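A.B. asks: Residue-level listing of the chains:
2 protein chains.
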Amino acid sequence: MKKLFLLLLAPLCLSAQSSDDALFIKKIADDVLQNGKAHDLLRQLTKDIGARLAGSPEFTKAVEWGELSMKNLGADRVYLQECMMPNWNRGGKDEASIVAVDGKKINRVLDVLALGNSMGSGGKAVKAKVIAVANFAELESKKELIKGNIVYYNYKFDPTNIEPGTSYGQAGLYRRTGASRAAKYGAIGVMIRSLTEATDNNPHTGAMAYNDSFPKIPAIALGGYDADYIWNLSKQSSFEVSFKTNGHFLPDAKGHNVIAELKGTEFPDQYITIGGHLDSWDVNEGAHDDGAGVVHTMEILRVFKALGYKPKHSIRFVLFANEENGLRGGNKYAEEAKANNEKHLFALESDAGGFTPRGFGFTIEEEKLKKMQAWLPLLFPYGTTYLKMGGGGADIGPLNKALGTALAGFDPDDQRYFDIHHARSDVFENVNKRELLLGAINMAGLVYLVDKYGL
Amino acid sequence: MKKLFLLLLAPLCLSAQSSDDALFIKKIADDVLQNGKAHDLLRQLTKDIGARLAGSPEFTKAVEWGELSMKNLGADRVYLQECMMPNWNRGGKDEASIVAVDGKKINRVLDVLALGNSMGSGGKAVKAKVIAVANFAELESKKELIKGNIVYYNYKFDPTNIEPGTSYGQAGLYRRTGASRAAKYGAIGVMIRSLTEATDNNPHTGAMAYNDSFPKIPAIALGGYDADYIWNLSKQSSFEVSFKTNGHFLPDAKGHNVIAELKGTEFPDQYITIGGHLDSWDVNEGAHDDGAGVVHTMEILRVFKALGYKPKHSIRFVLFANEENGLRGGNKYAEEAKANNEKHLFALESDAGGFTPRGFGFTIEEEKLKKMQAWLPLLFPYGTTYLKMGGGGADIGPLNKALGTALAGFDPDDQRYFDIHHARSDVFENVNKRELLLGAINMAGLVYLVDKYGL
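Order-wise, the sequence lines are chains A and B. In case it helps, our numbering puts the first sequence at residues 1 to 455. In case it helps, our numbering puts the second sequence at residues 1 to 455.
Calculated directly from the structure, the hints in this document are not laboratory data. Do not rely on the hints blindly, as some may be mistaken.
[Said to hold, decoys possible] Which residues of chain B face chain A? A partial, calculated answer using Cβ under 8 Å:
no., residue
1, Ala29
2, Asp30
3, Leu33
4, Pro159
5, Ile162
6, Glu197
7, Thr356
8, Pro381
9, Asn432
10, Glu435
11, Leu438
Please read all numbers here as calculations on a predicted model, not as lab measurements. Each residue gets a CB set at the ideal place from its N, CA and C atoms; glycine is no exception.
Okay, chain A solo, but in the shape it has when bound:
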């Protein structure tokens, strides 16, 4: 963090144009705060459409809504980019109970969600003794006990990580790979502590994947209270859990990235991409994840049009398909860019929620980042406190791999993000209008500066 701070203090001599830039960014801010549509658009996306997992009818509705909305916002061109998407379906309500403690039958219902992409329990319940472990090391030490049983991973967020995103990265391994690592030793089902520090009992879903070498066992996430209960119980008793899930894949579905363009005046064949992802998990409104990124993207289009801003580079505003459980939209976008030999200068993603701004993280050459850090005083008044190395976004990552495009990710304050991330509580009511608009202002300011000065 010391290093970050020194970066923050990199030379900050502003060029002669800086007061013009400050004025233009103030215009952006005033217009967004007075006339911004991001909050209304988010209400439409979350309340009129709602959950929109890839392959669902709602995802198709969201594509139609995105296309129409961006046309209405006055883009020079709006078009759809087709891609095939995995089509995982939860298949009904996930159910789980503790059914026996020390041999005595009980029925304590647990609030659970099957992990995304996981296979259901095959029409009947998985019922077995639970082997509870704190982490993979403990799994290994107990591998002889696992056969025929259910493994419970209690891996917790490390509360001393100042950014919960760090904890999420660490704990994410258990959600993504925990099932197969347990199946390797004969487990017939897996449960994880949800990837959250929330002080509630909402379970959090999210993508997992199987290692094809082992049986594809069902996998569920528990909310925080139930996780604590089970973990404490495991310290004093032997117990059984029964759970039933219904996840399955339907044939791949046709989906689309929604792409709006403002044509560049000087470098029309060089692209700047701004985006978020249009899909969400099936259990919530995807308001922060990633409704916020979708409407940030649309708001920047809106304000550039409202202010009559004519970008030097062509700017693409992209609502990506299928980030959550396939990344097919982001991959398709990069494939097409490469196939068409497009030049992509810069891509910026918002996929960390609609919270108050903190900064931007970059995947870029050190020298270029240093140059950009001179812009910090222009964005600081609106909440940006750093421009640091490290960041981007899942959907724009393939563009960097395919074409070496410089990336940035918008970093809102993430203290609350993992309270609602992939849980039922990621709803419109948990997004604050001003925090949402401030995100769009800082992103628009950064894109304006990149467009004006290049990298």
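Got chain A sorted already, so can you dock chain B onto it with the hints?
C.D. replies: Okay, now just chain B, sitting in the frame of chain A:
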């Protein structure tokens, strides 16, 4: 803001001790994030006690709770400092309706709260035509129309202020002085748009005061939707409102500041004060305002004891009485300090909510602030992004006036604060545990540095 940024970039050469300081502040952070009690204490204060306006039985309970809790946290000494407090009572439910539009009777119920310290409508409803004005200038231009009518002030937050606290300062005049300014021209009641940009209909109370030269007319606040409705209605129709409030003052009540001390090892007769206010409005749990400040204060005591920190200066942890509608606790504390000829080096208040940290604002000599700004890299990892001129707190203000004590106010991010401030929605559920704890960490870090290096 440009000036602020330059201050932020003041010389940042860290002294040789800085790595020791970084380590100690990391210890504070780790302990607070792992073992912090602030969230649990806030649950007790908000859920077990609840609303605690000065003079209410709940305020007395809060004093007892604060005293016992700070004893349990291991303070060297905990004592109560008596003060008399105003004892305003809402006297029942506030009621209001639009009862006629263009002469036609209707009954559209409005969600309202009487302003704090306002006099009720005397057992019967105030019923009259409404003269709606955008601001005081429009009031003056319509002064001939006001006699016998109700004045409605539609003064709105300026959304282009990046910090809503600025807007609150501007709009606050209407709440505090609007009634008497309308009564001067013969108004028989006053309504204001609540001091908020919240996207809901909660009315927000808060202190007002009368000018004794004019009749003490009843005064209410409307929620955002009702305010919009009335303002739009006023543009096209003549309409009447009827409202009934019951506010009154009981005889002054005995109250107390709760004071805990850690005795200084080098300068036991020089004090550093950390505080928040224990009272809240009567309509909510006072979770952010100022339960957060109360538990920030207690958490700093807890972590200093947990780490065995022996301060050089004596530190007082003060839960102030009666900030909301009288400031008698803050005044009493300064009076006693002056009467006892105490030396007060520094006072820090948290009374802006339990949100994610942004920085600190100071009332201090410029040279001393510059010195403190060298500490910024030590606090930056935990969320502090500036140490700027301008700030303090209502309760510690009198200490500065009486003794010239240097002041600081903790500035959390305030984008959400005025959504819930003085409204029914200021409840425990709207406080995020991690954001709350981060506030305590940054405050504890600043106090540690002031204690170690002086000013």
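A.B. asks: Against the earlier hints, flag every one the structure doesn't satisfy and list their numbers going up.
C.D. replies: none
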